[in-house]
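Participant: Given these sequences and hints, build the entire structure.
Number of protein chains: 2
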Amino acid sequence: MIYLDNAATTYPKPECVYQALDNANRNLAFNAGRGSYPEAKQVADLIQETRNKVAALVSANGDTVSFESSATEALNIIINGLDMNSGDNVYISPFEHNAVVRPLHQLKQEKGINIRILPFDKTTWEVDEEKMNNMFALNKPKACFLSHISNVTGYILPSEKIFEKTKEYNAINVLDCSQSLGVLNPLKENTDFIVFAGHKSLYASFGIAGFINLTNHNLKITKSGGTGSDSLNPEMPERGYGRYEAGSLNSVATAGLNASLDWLKQTPVYEHEKKLTEYLIEQLNTLDNVQLYLPENKSSILGIVSIAINGYSSSDAGTILSEDFSINVRTGYHCAPYVHEFIGSLDTSGTVRISIGAFTEKAEIDQLINGIMDMR
Amino acid sequence: MIYLDNAATTYPKPECVYQALDNANRNLAFNAGRGSYPEAKQVADLIQETRNKVAALVSANGDTVSFESSATEALNIIINGLDMNSGDNVYISPFEHNAVVRPLHQLKQEKGINIRILPFDKTTWEVDEEKMNNMFALNKPKACFLSHISNVTGYILPSEKIFEKTKEYNAINVLDCSQSLGVLNPLKENTDFIVFAGHKSLYASFGIAGFINLTNHNLKITKSGGTGSDSLNPEMPERGYGRYEAGSLNSVATAGLNASLDWLKQTPVYEHEKKLTEYLIEQLNTLDNVQLYLPENKSSILGIVSIAINGYSSSDAGTILSEDFSINVRTGYHCAPYVHEFIGSLDTSGTVRISIGAFTEKAEIDQLINGIMDMR
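Protein chains in written order, with my numbering: chain A, 1 to 376; chain B, 1 to 376.
Mixed in with the good hints, there may be bad ones.
Note that the list lumps identical chains together, so a pair holds whenever it fits in one copy or between two copies.
List of simulated lysine to aspartate or glutamate pairs, EDC-like, C-alpha gap at most 16 Å [to be verified]:
id, residue 1, residue 2
1, 41, 323
2, 53, 63
3, 165, 189
4, 108, 235
5, 298, 121
6, 108, 83
7, 165, 130
8, 188, 160
Treat the hints as calculated values from the structure; they're not laboratory data.
If you're wondering where the values come from, they're calculated on a predicted model, not measured in any experiment.
Facilitator: Right, dumping it as structure tokens:
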């Protein structure tokens, strides 16, 4: 099996992560901070150490990190926890995932916020700064949500440039790093929240994700429950990461993330993915039956390439690649509702998405290319 | 180490669960339903099979099961998803956990609901039916939340009797089975939602929990995101378990739950816990420096016993048991805010909670008893 669906979840994980998970299941699966015995304290220490390591990726303090079960949950906690009122303008890019779009749509229905899509040029994929500035002047941004890397196209968004501008309006800037943190770390300037998904670019397991609350923003509570402390108080803690961590923390998945963060430090995953992405694009460009969804500047793509194969709907193409060549790609809309109109992939019912990872080999790309060549 | 904190999380898990988790991490950690290749389908099948097995515990259909990352999350989705308005009466028992109390308190602040505590007798721990009926007649119940087994006292609540009565008012009845499902399964009569926690009485890992939506109640959406289907639609699915499952499902933790459910079928955990609980109470009763928090009828206690040790605050007692005898119990309020006034454990800053599990041995109880005896 050739696995080219790393944008859905990276696979495989480093051996050290498997071992850390098995060890934690057997020896560390305790409820942290909810017991006074040494094993519970050991788990609490492990969790704090992992907070510190996550935060270090963007030179932040460990206490800014709240762990959640998924990036989707983290985004819901942020979006529903912001102080939003009727008429507020929330800006997003056309590349955003439903983990951002659907909660915002819900807020639009309930509170009457406006969701405004930033003006990206369909050829260059650059943001049109003049148009953007005009939009902001006309409709002041209250918040801005951007993917660091698009989960459909692998495009590294010009988030720094956009956040610099939205910050002039004191907007709250949220960067969804589900596809990047650990491999490509963003700058934290002008950013309020960074969202991460353990099981994606961080090479850990399902069950651990969260957000870095860089500006110590106090969110309204939308998920509450036991925190193992101050039990007689019917309210969640007023401040700090614990405010957003109701229920037992997944100490096992945290142990896996702790191990994967060490591994990422020693492994040039970015360089590997960068080189392979370039090779993949180069090889795909030699094929006459493939349309690539790319911006003018191909160096702004990392890890993910979306294509159409002439004569096939995306799902038929995926089925053939899987059945005839044991190549696993993902096909369809990839939970991103606006990008397909932007890149022009509505006619093929979405794209064939090829996403590579730390363990993808050049020979696997070659086999993919041979497979697609056979589909002429 | 003698582990008597199984109410926080059961430990250890059966060997087959560890193996299923390791195998799933290595071979099944794919994103279900988000790819068309065989491995993604295999994961989707595993998840459906696990839904069926969970539902079978209460003779329900697998499609009523929504998986969430924790029982806390499941309870938040239910509580915040119900149609609640100012003046609505929500009844709870004095035994409820903060995973119920805190979200309800939040609703009280935001929407003006009334939280009413059911009249339980402090000696018998039985519900006073006459008082209860009068309360209901005066303030019609809109919803009722009960723990099946109290996480502080091990008390099996008379939920059937109460739900029968609240149902006469068409109340929505929610049974929190975090401490019971898998070991002691409730009847489903008059029950709308059953909440479960994989890492507790179900002997699976952290990261898998959920609810059984027995009456196909349509909850308002409070968590949304990608569902791997219908991506161009900004709304969550209108019906079915997928409506409440935003983001990647934890396929690995699901595989662990699948294995633990098979193991539970072949293992008389209830009988073991029942016998050991009786033995524990009997032995504790021989000590003259211990106060037990028990109802008149001791047969309504399963797996958990809360005590006070004369001359010690609960946390000091826990520290001594841990440091001098390597016995891990939990001390304090156990995330349950109202039960301590009810049982009278506020003066000792909560209780020393002893909670046994499938792997607890009689000899471990004996060592605990010796330890407590030494504390005279």
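Participant: All hints, please: hold or fail.
Facilitator: The hints, checked one at a time:
| no. | hint | in the structure |
| --- | --- | --- |
| 1 | 41 to 323 | between (49 Å within a copy, 13 Å between copies) |
| 2 | 53 to 63 | within (11 Å within a copy, 40 Å between copies) |
| 3 | 165 to 189 | within (12 Å within a copy, 58 Å between copies) |
| 4 | 108 to 235 | between (27 Å within a copy, 11 Å between copies) |
| 5 | 298 to 121 | within (15 Å within a copy, 72 Å between copies) |
| 6 | 108 to 83 | within (13 Å within a copy, 19 Å between copies) |
| 7 | 165 to 130 | within (11 Å within a copy, 65 Å between copies) |
| 8 | 188 to 160 | within (9 Å within a copy, 54 Å between copies) |
Hint check: no violations occur; every hint is consistent with the structure.
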